[in-house]
Amino acid sequence: MDKKAVKEKVAAVHEKNSGFRKEFIEFINRGSVVDLAVGVAVGGAFTAIVNSLVNDIVMPIVGLIGGGVDFRDLKLVIPNFFGGDTEAVIAYGNFIQNVVEFLIIAWVIFMIIKGMNRINRKKDAKAAKGKK
Numbered sequence: 003m004d005k006k007a008v009k010e011k012v013a014a015v016h017e018k019n020s021g022f023r024k025e026f027i028e029f030i031n032r033g034s035v036v037d038l039a040v041g042v043a044v045g046g047a048f049t050a051i052v053n054s055l056v057n058d059i060v061m062p063i064v065g066l067i068g069g070g071v072d073f074r075d076l077k078l079v080i081p082n083f084f085g086g087d088t089e090a091v092i093a094y095g096n097f098i099q100n101v102v103e104f105l106i107i108a109w110v111i112f113m114i115i116k117g118m119n120r121i122n123r124k125k126d127a128k129a130a131k132g133k134k
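Numbering (the working numbering), first residue to last: 3 to 134.
Do not take every clue at face value.
Unchecked claim - Straight-line alpha carbon distances no greater than 30 Å define the calculated DSS-like cross-link-like pairs of lysine-lysine that follow:
| # | residue 1 | residue 2 |
| --- | --- | --- |
| 1 | LYS24 | LYS9 |
| 2 | LYS5 | LYS24 |
| 3 | LYS6 | LYS24 |
| 4 | LYS128 | LYS116 |
| 5 | LYS131 | LYS116 |
What the hints assert, rightly or not - Using C-beta positions, here's what the derived DEER-type ranges look like:
| # | residue 1 | residue 2 | range |
| --- | --- | --- | --- |
| 6 | MET118 | VAL8 | 54 to 62 Å |
| 7 | GLY21 | ASN57 | 21 to 29 Å |
| 8 | LEU38 | TYR94 | 32 to 40 Å |
| 9 | ASN96 | PHE26 | 35 to 43 Å |
| 10 | PHE29 | PHE104 | 52 to 60 Å |
| 11 | ILE51 | VAL71 | 35 to 43 Å |
| 12 | ILE27 | LYS128 | 33 to 41 Å |
In case anyone wonders, no lab produced these hints; they're calculated from the structure. Each residue gets a CB set at the ideal place from its N, CA and C atoms; glycine is no exception.
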């Protein structure tokens, strides 16, 4: 292969990579992708807050109301009926805590969406008054 053919092949590959790189950069800079990344980051931080709320505040109060029960300790131990030393542990207390966490997260998201809908209705009402 002569030098001219090699240069043309390198230029073609470079041009193809430049197009791919440009398209990738456009994809990343698209608003929805950036919004998704921000949402995931905020969601991770929000999860830590909700976990703390449930584990450190809500569940101890629920445990006191329930007679001092620590829900994390609630479990059902099933012995191995086949003669082994192992046993199965069903940690239903953790399940109860996860359900409470889910309900809190769902409630908070519902309240945020409800507030956003209220703001959007007010904007729509103002826009409708302005058009008349």
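- When the hints from earlier in the document are held up against this structure, which numbers fail? Checked against the structure, the hints that fail are numbers 7, 10 and 11, while the rest are satisfied.
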